[in-house]
Amino acid sequence: MQFVRGLVLAIAVICASLPSLAHADEAGLRALLTRLATTTNFQETESVVRDLAATGEPAVERILSALADGNLYVRKSDQGVFTGKEDGQTLSLSDPLDGTAAGTAAKADIVKVKVNNALRRTIRDVMGGLTLGSADPTVRLSAASTMLKRPDKTALPALDAAIAGETDATVKAALAQARAAAVLVSDLGEAEKRAAIAVLANRGDSDALAQLTAFQAASTGALAETAARSVAQIETSMAAWQVAQNVWYGISLGSVLLLAAIGLAITFGVMGVINMAHGEMVMLGAYTTFVVQQAIRAFAPDLFDWSLAIALPAAFLVAGGVGLAIERGMIRFLYGRPLETLLATWGVSLILQQAVRTIFGPTNQEVGAPSWMAGAFQLGQLTITWSRLWIVLFCLAVFLLLVFIMKRTSWGLRMRAVTQNRRMAASMGIRTPWVDAFTFALGSGIAGIAGVALSQIDNVSPNFGQGYIIDSFMVVVFGGVGNLWGTFIGAMTLGVLNKFLEPYAGAVLGKILVLVLIILFIQKRPRGLFALKGRAVEA
Amino acid sequence: MRGHFANWTAAAMAGIVGAGLSLASPSAAADDTIKVGVLHSLSGTMAISETTLKDTMLFLIEEQNKKGGLLGKKLEAVVVDPASDWPLFAEKARQLIEQDKVAAVFGCWTSSSRKSVLPVFEELNSLLFYPVQYEGEESQRNVFYTGAAPNQQAIPAVDYLMNEEGVQRWVLAGTDYVYPQTTNKILQAYLQSKGVAAEDIMVNYTPFGHSDWQTIVSDIKKFGSTGKKTAVVSTINGDANVPFYKELGNQGIKAEDIPVVAFSVGEEELAGLDTAPLVGHLAAWNYFQSVDSPANAEFISAWKGYTKNDKRVTNDPMEAHVIGFNMWLKAVEKAGTTDPDAVIDAIVGVSVPNLSGGFSTMMPNHHITKPVLIGEIQADGQFETVWQTAGLVVGDEWSDYLPDSKDLIADWRAPMSCGNFNVATGKCGGKGTTN
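Protein sequences appear in the order of chains A and B.
Our numbering puts the first residue of the first sequence at 1, with every later residue one more than the last.
Our numbering puts the first residue of the second sequence at 1001, with every later residue one more than the last.
Just chain A, with the same shape it has in the complex (with noise of 0.2 Å):
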């Protein structure tokens, strides 16, 4: 009862302070500002910024906002402190506290207010209060999230204030779980203790279980014992995703294999050839995506979010261009001698490496991510990264199309045809040396369109190639040579096992132990998963 007026208590003075916060006077923060601009070390920074949050007034949060970014500079004439936009050589400043436009100044006539991680910490932190009240909902919630893993006692108040106004159900749920953890850091009764230990074990992540366990640490008797109780639940539950996190890991492992070795299930399953410089057709396509991006940022920076789309077929075309180039210029006169073709494409493969090594220099190309493959979401207790999702699917849809490809078309007819008797094949009126050009150059093209998907998760490099070809090939043997589902099945298995692997084994045993299996598979079944039967074979 006690703590209800306290509350009410609490809302009656947030609420009358309010209209007196906003005609607060100007100067003081002036005042702060000008403090701000004579700090020497990060020590006093952080007092300032602890000051100009204390005054509660709506202009800190742009202030310290520009702090935190970085925006803050100081002129060197006259110490004045601005907001600085960049603009070319110069800077574009303006008052921090009203926004209103002072002019530009050249670099050197300013400096930038420095931040580090644990003054951006604090901010973050008293922001937290200032922003509990904001008008955006990711705001509040951002907010919210921050001072559940800091909880303090002293925002109790702020925070029941801001319950009280919630109208979304999210925002309002997760600042019942802030002021739950905070709850558990105060001084309060055991059945508010209780309550709030109930509130996050509900939350269950791993949030709630810092907070748990440290709470858990310092209290003792029946209290202790309901948060161990709670702890213990949480472990059970976040294991039983760990498990769904293993498996979607490995899902996303064996879809970068799948794409990596899908072109080499073509080139080297259905054709034999055995292509070295299958590596180099997936950088080639991922040097493409660099071109195209660069091209779109010179001359149409609005269709950034398109440049993979654009990039694929122009990687398509580029890999399958040089594929054709290298059929038709050496690999046909090779068929039916493996080791010669082995060592022919290694030779290619050296060439383009150092080709692209020449044009475009040895350091790693930025490819940038489109806004839609940025960042995560959560699934539970699962996150999982765009990227890694349009990845997966990505994958999907080229392994789909490509067996529609061979199966549903007259195109993929012949080149069945033709792989699997030649002769009869030729007999039949089907141009035989073609078919084998452009089986090759399609195999080349979807290794180029596989590198545009590779370029988001791995660097651009001239040695981009080199990380996949042993792997390809892995896959490929595995899933059984000639046999596209193979090559399908093969990926995720090995994408599973690998990730199921490397929490016990560690990476570098993981992939050890890996190799190890397939070795021991092949010596049982040496055709891979899936072998192909009849005539095929025997070719």
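Note that these hints are calculated values from the structure, not bench results.
Among the hints, erroneous ones may be present.
Coverage of chain A stretches by chain B, computed from C-beta distances (three or more under 8 Å per stretch; other residues unrestricted) [claimed, not checked]:
#1 278-287
#2 369-383
#3 458-472
Yeah, the Cβ is synthetic: ideal placement off N, Cα and C, and Gly gets one too.
Chain A is already provided as a structure; the job is to place chain B on it using the hints.
Showing chain B alone in chain A's frame:
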């Protein structure tokens, strides 16, 4: 069979040597030049990092020739490509010294390549300037280590996190080879000496070029969610860094929550990345491009002019080559000759300006004094210094935190002239003895 193979190798060697001769012959006639060997990979995996250092050396030599060369002679660069192939480093080093008769060699990046050329430099008594931060536990008479030893990079970085950020839990993540393993061993010993419990240290190794970081990043996230402040100390090398940082950004690990301090990520590595999600992650070096000093501003603008590229960045190993090259020039002038023995005697104590506004001195252990800077990544791909040591730090070749090297010191001045003198037994020799 074996005989055949040997014949083959001999033939191949003859071919390589022949090629070397034919390359060198036009210049061999000119006796009025001093030759400087540049031994950096221009192809293969390490080309990404080493090509820039080759350019740096060519740039420095050109600048020096404009100033009149050395001892009245012009300098001439002899560039070879060891192609990221460790045994080839030894072969190329031998070629530089025996065939091209270079006065000194500037080169190597990985510890494996350095270890591969050590016996060659010892046998043929020549000079190597090694510009990259490394794991220490070595001091060789013919080698000058101008990069950072662990106490000039790793230990101050950990101190910074412990004192300024209040970090209590540590993830030591590295690529699986000698530099990260030795560095992590030293760091583990150091952290435990500071009272960090074993369960608060997580060590993780990944293969070269590791690209799937999902599991490891989510493990780090979990390790960091116990309420104790957590940081990652990364000795992840080369290509694996970009996907690692991309995954960190995607999984929303902010520098304010779990900062990552890296020892192998510089301006060059960040050039291939969108750094906006990485603001606040740290790196420890002895130089940043953003360092505000007149010497640095001059160097950057000259470098950009030389490469005719306004976007070319500078980095720490480049500065190490600048210092090493200037030290060599000064030592040769002091000795009046390029003879290796005279230069080795003359160079100890030589002091040259570094780019961060101070001076670096060559110490008797063939390591140099450097300031240590901690920088935070900014949205424009540069680092901003947030902390630096009050004075210069002397490179410590034998770590004080490893039981079998804490009694060792190196001093190449006469009369000691020893790379692994054991102060406990008073004898030269012990760990790291090469003969």
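Hints versus structure:
1. Proximity of the segment 278-287 of chain A to chain B, defined as three or more residues with a beta carbon under 8 Å from a beta carbon of that chain, is not established by the 0 residues found.
2. A stretch counts as covered by a chain when three or more of its residues have a beta carbon under 8 Å from one of that chain; for the segment 369-383 of chain A and chain B the count is 5, and the coverage holds.
3. Note: the segment 458-472 of chain A has 8 residues with beta-carbon separation from chain B under 8 Å; the three-residue rule is met and the coverage holds.
In terms of the numbered hints stated before, the structure departs from hint 1 and from no other.
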